[in-house]
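2 protein chains.
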Amino acid sequence: MLSKNRTNYIISLQKKKSRENEKLYIVEGDKIVMEYISAGVPIKILAANPVFINSLRGSEKNSIEEIIPTTYEELKKISSLKTPHNALAIVNIPDNITLNNFSGSLCVALDFIQDPGNMGTIIRAAAWFGIKHIICSANCVDAFNPKTVQASMGAILQVNIFYSDLEKTLYIANRQNIPVYGATLDGDSIYETNLSKEGIILLGNESRGISKNISRYVTQKIMIPFFGEKNSFGIESLNVSMAASVIFSEFSRR
Amino acid sequence: MLSKNRTNYIISLQKKKSRENEKLYIVEGDKIVMEYISAGVPIKILAANPVFINSLRGSEKNSIEEIIPTTYEELKKISSLKTPHNALAIVNIPDNITLNNFSGSLCVALDFIQDPGNMGTIIRAAAWFGIKHIICSANCVDAFNPKTVQASMGAILQVNIFYSDLEKTLYIANRQNIPVYGATLDGDSIYETNLSKEGIILLGNESRGISKNISRYVTQKIMIPFFGEKNSFGIESLNVSMAASVIFSEFSRR
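If you're matching them up, the sequences are chains P and Z in order.
The first sequence maps to residues 22 to 275 in this note's numbering.
The second sequence maps to residues 22 to 275 in this note's numbering.
Looking at chain P on its own, in the form it has when it is part of the complex:
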């Protein structure tokens, strides 16, 4: 049974402030929680229905600090979803280290990404295309938001996510002569641009793009050409997470 105390504690982690204080985040969903457990990720609290708990092997329970059998009604209370899944886990947020050396690999930098779903799919795409580091401006949505965690489908464990002063970070990159590729609507075609194996791929806000103070650090503007009919109304751009997938694909395949 889930005590009132525990219920409130878990619900509090839906808020960024509490997640930061506790250094914990929520993972929701049978499949994803099961994957965390199978991978041996240390779990602080597992709140799940008894069938789910009984399906765990002894060795799998070892990495779980506290297991709480819960009813559907209890899960509904702590879930951020309309219809709760059978399992919810509380997991440690990794330390927010600073990335100061960009040489030798590709990084993604996000400037004011607001939508948790977009953040999650960008993380998923980065993990798929083998990009290990994601640098987020301080005003990006929290990557450990329950919706982001869900959209990332476990990929959040495969990449390092840094929150930093993006201006300062890109300034350092410029000084180190690391290319900064800015995704815009008026850059060079990504298909025809020379893409390095190291560098920073910078993606901007969903409606405003890359902000002014950040864009000055861009060393190469890139864009995904439009292949539709000219003057087609209504198709201004690709969604940022779709654009991210295409851009990452182009960098990786070369």
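Source of the hints: derived by calculation from the structure; they are not laboratory data.
For clarity, every value in this text was computed on a predicted model and none was experimentally measured.
Mixed in with the good hints there might be a few duds.
When chains are identical, the list treats them as one kind, so a pair holds in a single copy or across two.
[What the hints assert, rightly or not] Okay, derived cross-link-like pairs now, DSS-like style, lysine-lysine, Cα gap no bigger than 27 Å in a straight line:
1. Lys218 with Lys251
2. Lys251 with Lys82
3. Lys251 with Lys52
4. Lys153 with Lys38
5. Lys153 with Lys251
6. Lys52 with Lys233
7. Lys38 with Lys168
Given the coordinates of chain P, assemble chain Z onto it according to the supplied hints.
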């Protein structure tokens, strides 16, 4: 003022059955409705707040059959969103013609896509990459679902969407020697496969992929290679709309 009659009529169009009977669908959102109007798309009903209506030029009003000034509360009632926008339009669904000749262009075929958001982003990606035709299996989510329309961001007007017996359609394609590219997790790398300028790009269900009875019509299995670390847990696949973006990009850039 929005009468009770009109309110119920508009709400009814959130249901597929009513949309089919009336051959009408709902477009929500200031920006997208404004784009429909600017493009001269015939609008059956415009329900919007008076500020929005006053911003229209006389010529823009010509393509609107009925204009109803509405309050926030009235918009809230007819909206499928938690927080309504300032404008909602009712628009004709184009006739569902059948596509029987696939030569000369690329088409997308969707096998049991369930999520309206995915459907919308696939439509948006197709429009961006210049793909004009989308053939949907009968069990796909309705493309004129309000959530799909919203996710497509107007791109729904740029592509032809057909609902059909997908087996029959692909059978015809096979007989016409049109390649059918099936997106799978075990196909040939899309980066190394010969991609034709005509053909059908087949995408399967979000969790089950391409169904068995459909997969026999695939003439070339393709996949997006995984570039992450081996045995990375949690990253089984890209989301179907991200995969669609990458695949369409590969076809278009060549």
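Enumerate the violated hints, using their earlier numbering and listing them in ascending order. The structure breaks none of the hints.
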